[in-house]
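> Here is how the chains run, residue by residue.
4 protein chains.
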Amino acid sequence: MDSFKEECAVVGVYNCQNAAKLAYYSLFSMQHRGQEASGISSSDGKKIKTIKNHGLVTSVFDEENLKKLSGYAAVGHNRYSTAGEDSMLDAQPVFARYDLGEMSVVHNGNLTNAQELRKKLIENGAIFQSFMDTEILIHLIAKSEKKCLQDRIIDAILQVQGAYSLVFLSRSKMFVIRDANGFRPFSLGKIQNDDGSVGYIVASESCAFDLVNAQYVRDVQPGEMLIFEANKPPQSLQIMSPTPHPCIFEYVYFARPDSKVFGRTVYDVRKKMGIELAREKSIDADIVIPVPDSGVAAALGYSQESKIPFELGIIRNHYIGRTFIEPTQTMRELKVRLKLNPIRELIEGKKVIVIDDSIVRGTTSRQIVRILRGAGAKEVHMCISSPPTISPCYYGVDTPNKEDLISARMSVEQICEYIEADSLVYLSLQGLRQSLECGQSDSFCQACFDGKYVV
Amino acid sequence: MDSFKEECAVVGVYNCQNAAKLAYYSLFSMQHRGQEASGISSSDGKKIKTIKNHGLVTSVFDEENLKKLSGYAAVGHNRYSTAGEDSMLDAQPVFARYDLGEMSVVHNGNLTNAQELRKKLIENGAIFQSFMDTEILIHLIAKSEKKCLQDRIIDAILQVQGAYSLVFLSRSKMFVIRDANGFRPFSLGKIQNDDGSVGYIVASESCAFDLVNAQYVRDVQPGEMLIFEANKPPQSLQIMSPTPHPCIFEYVYFARPDSKVFGRTVYDVRKKMGIELAREKSIDADIVIPVPDSGVAAALGYSQESKIPFELGIIRNHYIGRTFIEPTQTMRELKVRLKLNPIRELIEGKKVIVIDDSIVRGTTSRQIVRILRGAGAKEVHMCISSPPTISPCYYGVDTPNKEDLISARMSVEQICEYIEADSLVYLSLQGLRQSLECGQSDSFCQACFDGKYVV
Amino acid sequence: MDSFKEECAVVGVYNCQNAAKLAYYSLFSMQHRGQEASGISSSDGKKIKTIKNHGLVTSVFDEENLKKLSGYAAVGHNRYSTAGEDSMLDAQPVFARYDLGEMSVVHNGNLTNAQELRKKLIENGAIFQSFMDTEILIHLIAKSEKKCLQDRIIDAILQVQGAYSLVFLSRSKMFVIRDANGFRPFSLGKIQNDDGSVGYIVASESCAFDLVNAQYVRDVQPGEMLIFEANKPPQSLQIMSPTPHPCIFEYVYFARPDSKVFGRTVYDVRKKMGIELAREKSIDADIVIPVPDSGVAAALGYSQESKIPFELGIIRNHYIGRTFIEPTQTMRELKVRLKLNPIRELIEGKKVIVIDDSIVRGTTSRQIVRILRGAGAKEVHMCISSPPTISPCYYGVDTPNKEDLISARMSVEQICEYIEADSLVYLSLQGLRQSLECGQSDSFCQACFDGKYVV
Amino acid sequence: MDSFKEECAVVGVYNCQNAAKLAYYSLFSMQHRGQEASGISSSDGKKIKTIKNHGLVTSVFDEENLKKLSGYAAVGHNRYSTAGEDSMLDAQPVFARYDLGEMSVVHNGNLTNAQELRKKLIENGAIFQSFMDTEILIHLIAKSEKKCLQDRIIDAILQVQGAYSLVFLSRSKMFVIRDANGFRPFSLGKIQNDDGSVGYIVASESCAFDLVNAQYVRDVQPGEMLIFEANKPPQSLQIMSPTPHPCIFEYVYFARPDSKVFGRTVYDVRKKMGIELAREKSIDADIVIPVPDSGVAAALGYSQESKIPFELGIIRNHYIGRTFIEPTQTMRELKVRLKLNPIRELIEGKKVIVIDDSIVRGTTSRQIVRILRGAGAKEVHMCISSPPTISPCYYGVDTPNKEDLISARMSVEQICEYIEADSLVYLSLQGLRQSLECGQSDSFCQACFDGKYVV
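For the record, the sequence lines run as chains A, B, C and D.
Read in order, the letters of the first sequence correspond to residues 1 to 455 in this note's numbering.
Read in order, the letters of the second sequence correspond to residues 1001 to 1455 in this note's numbering.
Read in order, the letters of the third sequence correspond to residues 2001 to 2455 in this note's numbering.
Read in order, the letters of the fourth sequence correspond to residues 3001 to 3455 in this note's numbering.
Please note that the accuracy of each hint is not assured.
[Unchecked claim] In silico BS3-like pairs for lysine-lysine, Cα to Cα no more than 30 Å straight-line:
id, chain 1, residue 1, chain 2, residue 2
1, B, Lys1068, B, Lys1173
2, A, Lys47, B, Lys1173
3, A, Lys143, A, Lys190
4, D, Lys3119, A, Lys67
5, C, Lys2143, D, Lys3335
6, B, Lys1143, B, Lys1119
7, A, Lys119, B, Lys1452
To be clear, the hints were calculated from the coordinates, so they are not data collected in a lab.
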C-alpha cells in the first residue's frame, strides 16, 4: 500500500420507490472509497433484508438479487480492504435483531474509544461477531434503557468517540448521525419522486447524488441527528455541540473532484492547492504534468499560476483487474507502468514538474521519477500538493504505521534523494489552509500533517 | 421441496496438522446433509480464523484460502438452505469474541425453546445478527457468570432444549456436546498422526471418518460433553442425564448408507426395513426396483425376502447442476425425468414394485408412477419403507408444514389414487422398529410418524 | 486415466420447434460420453448459428444463449477431453461455409485413414484449423464435383474409413450417416409435436430420447444415410454395403444402462455378463459387491446366478467437482476414496467378490482392493465382467497406448499380484459373446480384447 | 453504438523468452482497441499452441494457461465485438495446418475484395469456418504453388486489397506485413534480452512497447514485409510499391495518446487539432472542458490558443463493468451519466465550450449537453476536433451505416438543434490536416470525412 485509503462509503435512502436501487447507484458512484465488499439493507416497513458480499458493487449485485431488496428505505456500504482480518465477517450493513425489533447499520469512520467500549461490553456479557466498530454501537443501543430507538441511538452515540458517519435503518425509520467533529464528509440530498412526493438521500460524498438525480441540500452537521419517518418531514436534532474538525485530507486525495465536501467543491480546492504550491515554490521548468488522476486539478492550478504549460504527460490504463498476472523480475517497475505510461515525445529533453497529491512510502514516487527519466526527462521536479504526511490517522482512514511513513523518518532532502528526483517540494500546511480560503478552516483536522490529534 | 431435509452437518478436528484440511474433506463427505453454505474456523492457539460462504464445499474452499486456516484444531459446517431468510447471514461457523477470548461454534440441530430464550436475551440487551439458534448459545455463554469456558458452556447448555450436536472451538480447546435426547447422530473418531501422536475428530456422520483415515471410536453420548485440550487425553463429562431419543428418520433417509448411526450401519437397517416391508405386505409382482439412490438398500431387502428379483430399473443422472434450464410446459414431468430415467425393457409388461423411502407431498411419487407406466409397466405398486409422515419435525430437520404432508390429510387409499399407483403400502411403525432389532429402540424419536414429541 | 473413454456423443433434431432446446436436453442425457466441451448449431432455414465452448452442457448453455439458437433443426455434440491438444480449437459442431452454402457437422468416431486423407488434402491446398477428423469430411464435401450436398456427402463418405456417426446440418436439411461397420451406436427416434406434426431425432445413445419424449424407432443402419428435409418423410439410402462390426465395449462400459445399443438393452447385457462370469468362475465367497456405478448390473447377474448375496458394499460420492483440492501424500489413496467409500460392516470378516467392468492400468483396481482390505475383508476376489483389454482402439475410443494396458504386458496371475487381490478372474471372450446371445454377434468388433482390427 | 470502433489490435514477438507473456502485456496495453475476445499463439520451434476466448485480456489469460504457451515467438490479438455474428467462431489468432506445416495468423484490418476472393476460393472447394477475412489469406497461402511460406505469403498478399496489419507465425519464423496503403498503424520495436541478445516486437500501437521495455524502432512501412528467423537479423522486403494512405481517424479517436502513430505522437496531434479549432472558430466563453478521456488533448490545445481557461469539468467513472444494472425509465439519461458526471460549481452560470473528438449518431452529444445544462451552464458550445463524419469506413473500422451517421443526413445547424447546443462547430478538414503539419499528409485516408475511398 502506497497511499492513504478511505475506509468506506455509506448511503441512506428514504421514501423512494426502489430505494435499494438508488442505494446501488449511489454506492457505484462512491466505489473509489472502498472496493473490497459491498452491501445493502432495505426495509418495506415490515422486514429488513440484507445482501452483502465481497467484491465491487457491480459484482455483488445483479438485477435478480436487487429485486429481493424491496422497500422504500435502504442503507448501503462500500468497504475498503483491511488486510489481515477475516474480511468475510466484516462486510456491512450490520444487521441485528434486538428488543425493539430489527435494525441495520452502516458506518463510515473509526471509533477511538472502541477498544475500551468493547472491553466493557464484553465484560458485561456482550459478544462480538466481527472486527467492526459498528457492532459496539448496536450493543450500546440494545442495552440502553431508553424506550425508543431514537433515544437509544442518542444514548449510545454519547458514549462513543471518534469519527462516524452513521445511518441506522429500522423497519420504518431511518436515523442519520455525524460525529460532533464532523471528521468525515456526509451530505444530505433531496429526490423528487415521480408521484410528486419527496425522497431523501444521505451519502458520504455528494457525487452519489448526481447519478440518482438528487439535489444537494446541505451537509449533515457535526453533532446532528436527522430522523426520517413516514409522512413527516425530516427532523433535525443537534444532539452534540458541534466542534467541527473536518478531515483536510479529503481535499488532498480521497474525495472525487466532482463532490462537494464540507461546503467546498473538491476540484476547486485542489486547483487552489496547485496555485498555492506554485506561489510558494517557483521552479524553472518546461512543463507541468500530473500523476493521473489524483494530481490533475492541482497541476492545472500550478500551471495556471506559474504559466508553465500543463500537459497530460502520463496516460493511465483503466483496464487493470484483479486477475492481472504479475510481472517477473526481468520487467522491473512494470507494476507502476501497468497503470501509468509516459508520453515520451512530451517529456524528452524537458525539465518536468510532476504533481502528485502526497507521498506515503515513496516507492511509487520513485518509480514515477524513473519512468519519466526513462522517457527522456532532463530534470524531474516532484511537487506534492500537500505537506509531508508524518502521522497516521485514527479517524476512519487506513494509513501505514508511523514508521512506514517516509516523511516521518526522512527529511525532505533525504526523500528527494530516495525518490531520485532533481528536486522535491511540498505545499506548506499554511498554503494548504489558504487553498481552503476561510477563517473557520482553523478547525480542520490535520493530524496526518502536524500530529495534533483533536480527540 | 418434496422430501425431508437434514439441516446441516458439523465436524470438529483436534490435534492434527492441517486440521482445516481434514475438516474440509469431512465436510465434503457430508455434502449430502447441506449444500447451501459451508464454512470452517481453525485455531493455531493464538487466533481463530474463519472462512465461510455460499455454495458447495468444493466451491467455497480452494488451495489458497484453506492455507489461511492454519492450526491444529478446526470446526466446520455444511448448511442446508432455509428458504425465505437472508441466507448470507446464516452461514456457520459463528465466530464471536467475548470476555474470555474468542470462540467459533458449529451446530447441527434446532433449539425448541429458541424463541423464548431469544426473547429473554433480547430483553436483556442482547443483539442477534442472524436467524441461527447458535447465537443464543453464544449469548448464554458470554453472559454466564462461571469463570471458564467449560463451565459456561455447561451453564448455557442446561438452559436450552431441543436437538444439538455442537462443537465449540476456543483458541486452545475444543468442546463437543450432544443433547441429552441425542436426537441427531454424532460420532467420535481417532486419527493416527504421522508423528505418532493421536488426533481426534467428531462428525455428524461417521462417513466423514473414512476419507481422513480416522477410526470410528464410539458415538458421542446423549448428554455428554467431550473436552479436548493440548497434551491431555480427551475428557468426558456426563453433563446431563441421558434420555436418548435418536431420530429414527436418519435411518429412513438422511444418513449415507456407509455411515454408522446410533450404533447401527445405515445400509443394514435400510435393508431390514425392506425385509420387514416384504413380510408385512406380500405383493404379486415380477420385479422390485428402487427409486435411486435412497430406496436401493430397502429394495434389496424386499427382494431378498420376497424372492421377487431386484433390478435397477431406474437410472439416475448425476450431472444436474444449478444452472439447468427448466423445461417448458410442453415437456411435462421432465423435471423428475431429468434425474430419473426408466429402463423400458426391464419394465415393459411387468408388474413392478417400486421402493421409496417416504412420501412427503406426493408429487414426485406421482411422477415416478407415470414414468414407469410410460415405460410400459403393467402394474405399479409403490412400497414405502417407512410409515406415513404425518407430523413436522422440530429437532433439526426441515419438513413442510403439516398441511403440506400428504399423509396428514389423506388416507393411504386417497394417496394411492393421487399418485396413480395400483397399490400403495407403507412399512408399519412396528415394522420399522423391528428393523432396528433392539429393546432400547423404544426410545427413538418417531414424532414425524406418530406425532408424539419427546420435548 | 484409468479407463477407456468414449470420445463423444452426437445428436440431430429435425422438424421440431426449439430444436436447439431438444438438442440441449439430449446432450445432457449423454453427458457421460464427453465432459470437456459442448456445442450446438441450429438452423432456421436461412442461417446456421453455432454456440460451443468448454465445459459441461449445463455450463456452456443457459436460457439466454439457447434462445439465440432458433430454428427447427439442430445438431449437437459433447466432446471428451483429448489431452495434449489445443482443446479450445477442437469443440464441435464444426461450421463451414462452402460453395453450396453453409453446413455444420458433428461426428462421433475416428477415421482410420485420416492421416493420409489429411495429407492428400493438404497437398492439394486445404488448410486444417483443428485436430478433428471432421474437418477432413468437410473438405472432401467442399471439393466434390457433385452438384448437391447429398451427393457430395456420399462422395466424401466413400473416401473415408473408420468409425463415424455423423450428422450434417445445412440451412434446410439434415443428413445422418453411420459407417458401414456401424462401430458406434446411433439410433433414430420420433417426436410427436404439439401441432400434430412429427419430428425426428438421432442420437449416439437412445437414453437421449427419453428426456425429450421421443420414441425409439430403430438404429441407423450400418452404411445407411438418412435424409431429412421439409415437408417430406425421412428418406433412407443404403450408400454402403453393411458389414456390421458394432463395438462390443459399448456394452462393457460406455453406454448408459438405460440405453438400447445395437438392438439390446445395455443393462440386460451387463447382467448377463455377470451371469456368464458366475458360470465360468465359481468362487467361494460371502457377498458380491459392484464397483459403482459401472459394475452394478454385472454384479446383480453374478449374484443371481451364483446365489451369493448382492450388496452395495461401496458407496459413491457424486459431489466431486473440478476444483477439488488434491490430498497430500499423508493421505494416500485418498483420490479413489474421494469417490468410493466402503461400508465396513458389510465387508468386515467377509470373503468379498468385487465386480468391475474392466481393468485398464490396474492402479484403481489396486486401490479398491486396498480399500476393501482396509474395511476388514477377509478375502478380495476381483471379477471382471469382460476379457483382458490387450489392444488399443482406433474406432472412436480413447484408450491408453498398448504398453500402458496392464493386460498387454502381464499375465492374469501377475495382474492379480499387482492389484493385491486374492484372486482375479475375467469373463472369457466367448462368455462375453454368449451374453449377447445371438448368431450375428459374430460380427462384433472386439479388437480391444483380441487385437483383430476389422479395418 | 455511438462512436467509431477500431476492430482490433495485433502483436508479434520474436526471439524473446516467454514471448507469450510479452504478447500478453502488449495486448493489455492495447485493450482499448478491442474488448470482445483475446488470443495468443506461441511457438517453441516444434509446435504452435493457441489459447483464445471471449473477454478481456486479463480474463482470458491467467498464470496457468499462459505457461502452456511456451516458446520464443508469439502472436496475439484483441478483437472488437462485431454484433450479429457468431462471436465464438471469430476469435483470433487463426491457426491452420497446411502443406508446409503449421501457421497462426493475426490480422488488424479489413479486406475490401474479401467477398469476391472468398467466392472464388469457395468455388474452388475451400471451406470457411468463420466470418474473418483472415481465413482468405490462409487459403491463398495454402493454395499457392510457391515452395516456401515466405513466397506464398507474398503470393497471397498480392491478391488481396484493403487494410491489413498482419503477423504470420510459423513453427520457426515470423512474417509481418502491412498493406501498401498503410491504412492501420503498425510499429516495430526492439527488446534487449537479459542474455544480451535482441528480440523484436511489432504491434498495432506503440504504447504496447512501453510496458515490455521495448524501444520504438520505426513503423512497418506500407507494402513492407519483415521476416524474422532464428540467428538472423530481421530482413525487410518491399513487396509492394507503397502508396501510403494512413487512417487520419487514428489521430482523432482510436489511438492512445501515448502512442506514436504514423510517425507522430497522438497526444501532440490532438492538441494541435484543438489549436486549429480555436483558430478557425472563435467563441466567447468562460471555460473549455473536454469530454473525457477522448477530448482532453484537443481541449488543452483549444484553451492554450484561445486563452479561455481549461477545466476538467466532467469526471469519468472508470468502474463500469458488463454487469451493470440498467437504469429504468425514471432515471433518464442515467446511462451517459454513469460514466460522466459534471462538476456543478465549475459549470454553473458559465458559458461552456465542450470539446469532443467526433459526433457519430448524436445521442451521446445531446445527453452531454443536457448534463451540462442540468449543472447550470448558461451556454453550451459543442466543439468537435474533427470534421463531420459522413461516410462509413471499409478499412478495418467498425462504423454505423451511412444513414445512421447524423452528419450524413443533417446540416451542422440541424445537428446543433438536435443536440440542443447553443452552437456547434467542427474542425475543417483543412484544419485537421494542418494539425498534422506535413506535406506528405496529402496522402491520408480521410474517406470518413470526404467520402473519397482510396481503394
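> Work down the list of hints and note, for each, if the structure agrees.
Against the structure, the hints:
Of the pairs offered as hints, the one joining B:Lys1068 and B:Lys1173 holds, with about 19 Å between alpha carbons and a cut-off of 30 Å not exceeded. With a CA separation close to 39 Å, the supplied pair A:Lys47 and B:Lys1173 exceeds the 30 Å bound. Using a Cα cut-off of 30 Å, the hinted pair A:Lys143 and A:Lys190 is violated, with the two alpha carbons roughly 34 Å apart. A threshold of 30 Å between alpha carbons decides the hint, and for D:Lys3119 with A:Lys67 the separation of about 51 Å lies outside it, so the pair is violated.
The straight-line distance between the Cα atoms of C:Lys2143 and D:Lys3335 is roughly 51 Å, outside the 30 Å bound, and the hint therefore fails. For the hint pairing B:Lys1143 with B:Lys1119, the CA-to-CA distance comes to about 15 Å; that is within 30 Å, so the pair holds. About 47 Å separates the Cα atoms of A:Lys119 and B:Lys1452, which puts this hinted pair outside 30 Å; it is violated.
Going through the hint list in order, the structure does not satisfy hints 2, 3, 4, 5, 7.
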